[in-house]
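Number of protein chains: 2
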Amino acid sequence: MTQQREKKVAGLLLFPNMTQLDLTGPLEVLGRLPSWRVEIVAPTLAPVRTDKGLVIQPDACFKTASIYELFVVPGGPGTDDAILDPEIVDFVRDRSNAAAYIFGICTGSLLLGAAGLLRGRRSGGHWQARDLLSQFGAIPCDDRLTIDGNIYTSGGVTAGIDMALRVAAEVASEEVAQQIQLQIEYDPEPPFKAGTPFVAPPEIVKRALAATAERRAIRVAAVETAAKRLETLLD
Amino acid sequence: MTQQREKKVAGLLLFPNMTQLDLTGPLEVLGRLPSWRVEIVAPTLAPVRTDKGLVIQPDACFKTASIYELFVVPGGPGTDDAILDPEIVDFVRDRSNAAAYIFGICTGSLLLGAAGLLRGRRSGGHWQARDLLSQFGAIPCDDRLTIDGNIYTSGGVTAGIDMALRVAAEVASEEVAQQIQLQIEYDPEPPFKAGTPFVAPPEIVKRALAATAERRAIRVAAVETAAKRLETLLD
Numbered sequence: 001m002t003q004q005r006e007k008k009v010a011g012l013l014l015f016p017n018m019t020q021l022d023l024t025g026p027l028e029v030l031g032r033l034p035s036w037r038v039e040i041v042a043p044t045l046a047p048v049r050t051d052k053g054l055v056i057q058p059d060a061c062f063k064t065a066s067i068y069e070l071f072v073v074p075g076g077p078g079t080d081d082a083i084l085d086p087e088i089v090d091f092v093r094d095r096s097n098a099a100a101y102i103f104g105i106c107t108g109s110l111l112l113g114a115a116g117l118l119r120g121r122r123s124g125g126h127w128q129a130r131d132l133l134s135q136f137g138a139i140p141c142d143d144r145l146t147i148d149g150n151i152y153t154s155g156g157v158t159a160g161i162d163m164a165l166r167v168a169a170e171v172a173s174e175e176v177a178q179q180i181q182l183q184i185e186y187d188p189e190p191p192f193k194a195g196t197p198f199v200a201p202p203e204i205v206k207r208a209l210a211a212t213a214e215r216r217a218i219r220v221a222a223v224e225t226a227a228k229r230l231e232t233l234l235d
Numbered sequence: 001m002t003q004q005r006e007k008k009v010a011g012l013l014l015f016p017n018m019t020q021l022d023l024t025g026p027l028e029v030l031g032r033l034p035s036w037r038v039e040i041v042a043p044t045l046a047p048v049r050t051d052k053g054l055v056i057q058p059d060a061c062f063k064t065a066s067i068y069e070l071f072v073v074p075g076g077p078g079t080d081d082a083i084l085d086p087e088i089v090d091f092v093r094d095r096s097n098a099a100a101y102i103f104g105i106c107t108g109s110l111l112l113g114a115a116g117l118l119r120g121r122r123s124g125g126h127w128q129a130r131d132l133l134s135q136f137g138a139i140p141c142d143d144r145l146t147i148d149g150n151i152y153t154s155g156g157v158t159a160g161i162d163m164a165l166r167v168a169a170e171v172a173s174e175e176v177a178q179q180i181q182l183q184i185e186y187d188p189e190p191p192f193k194a195g196t197p198f199v200a201p202p203e204i205v206k207r208a209l210a211a212t213a214e215r216r217a218i219r220v221a222a223v224e225t226a227a228k229r230l231e232t233l234l235d
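Keeping their order, the protein sequence lines are chains Z and V.
What the first sequence shows, in UniProt numbering, is residues 1 to 235, in sequence order.
What the second sequence shows, in UniProt numbering, is residues 1 to 235, in sequence order.
With the rest of the complex left out, here is chain Z (with noise of 0.2 angstroms):
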């Protein structure tokens, strides 16, 4: 038996148009777990773009996947059409459900809500999309970091970063998840008291909401969608 096999996959989902940061941020950390290895899996082998243009090449797509004893779902622009996407929510389900560990980061937390494994659970997000979790049966939280089960959800983008470092301990042990951090030099010095909109000056928050309406509009009628067609598929 080869060294690789022996080691436990976390699998990081790549779809397009999703924000690069909520998969390479938890990357970072659980690419340094020793005994562990990541693959990126994607609906298929091609190059996938992201929605500020980096291109990430996929390790594996869903016909070759791993298996997963922890599953990374990250969010994004493109989490409104992949929560449409029979062929992403079913992949989704199949390798949580096989998976000891499951995260959702950022809008990720809707792609998990859309496969049913959210109901009656708690489950965070990112902030201008938490309160569509309830829409799939979950308990929305404002919470940078909720645990439920084995379900991990986050808030936006960089929370992803805070969530893997807490499951390296969980999974390795908190020796290695301080090596870890110290390895990545995560001492944040955040510029502004503006990264959650109860900190944020009320005028940041007013834009950034109305920078995104259109968008939010968009994501609410794909969230109604979803939710119909997992009531559909309980019935």
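No wet-lab data here; the hints were simulated from the structure.
Be careful, since some hints might not be right.
Same chains, same label: a pair holds when it works inside one copy or across any pair of copies.
Said to hold, decoys possible - In the DMTMM-like style, the derived pairs of lysine to aspartate or glutamate whose C-alpha atoms are separated by at most 20 angstroms in a straight line are:
#1 52 x 69
#2 206 x 69
#3 206 x 174
#4 228 x 131
#5 63 x 94
#6 7 x 85
#7 206 x 175
#8 206 x 142
#9 52 x 6
Dock chain V against the given chain Z, drawing on the hints supplied.
The following block gives chain V in isolation, referenced to the frame of chain Z:
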């Protein structure tokens, strides 16, 4: 004239075996700047494998690269080869000389040093490589963010996010930077006090140093060679 042409360009250097979060962290911030576009530039147009396995497709190669208003030079294990690669070092010097803002993230500052850009300048870098900056005539700094003239250098990996937000406030406005910080929900909750060698438990620092002793020896030799080359160039 197209809108694309009017946009300012932030160039981000991609090279083999680099640490992906050094690039993807700043990219997530800079990619959200209004009136800017980002360009991932590598020696050739071939996909590039980063140190933990993520494969990124460049947007441009050295021959087709734009001139950058802001140029981001990341680091990682691959830095040791990059500082000995004349093609990369020359490109870094050339694009930095044309840029209004130069960014060295993590050990990326070693690359700026090898290109002769840090002589007499205060400069930061990853805590395990900072001291080596003096070989290129720089004055090493322990701060997470160091600014000297138009050269912005940061500590390891995650420090690039803080630096990019700081620069966003300069090239756009504080309001824009705050809005980006809110979009990426950057209100960090690191699980441990372990993000610098000054705050981490001594045992963790000791382990981190032991784990990288071999790599450190390779780096020391590479920096020595690169520093000699730079001296020859300056004679």
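For each hint, the structure was consulted:
1. 52 x 69: between (29 angstroms within a copy, 18 angstroms between copies)
2. 206 x 69: neither (40 angstroms within a copy, 30 angstroms between copies)
3. 206 x 174: between (39 angstroms within a copy, 15 angstroms between copies)
4. 228 x 131: So residue 228 and residue 131 pass the 20 angstroms test inside one copy only (17 angstroms; across, 59 angstroms).
5. 63 x 94: within (12 angstroms within a copy, 45 angstroms between copies)
6. 7 x 85: neither (31 angstroms within a copy, 34 angstroms between copies)
7. 206 x 175: Only across copies: residue 206 and residue 175 sit 12 angstroms apart there, 41 angstroms inside one copy, limit 20 angstroms.
8. 206 x 142: Within one copy, since 18 angstroms is at most 20 angstroms while 37 angstroms is not.
9. 52 x 6: The answer is between: 18 angstroms across copies meets 20 angstroms, while 36 angstroms in one copy does not.
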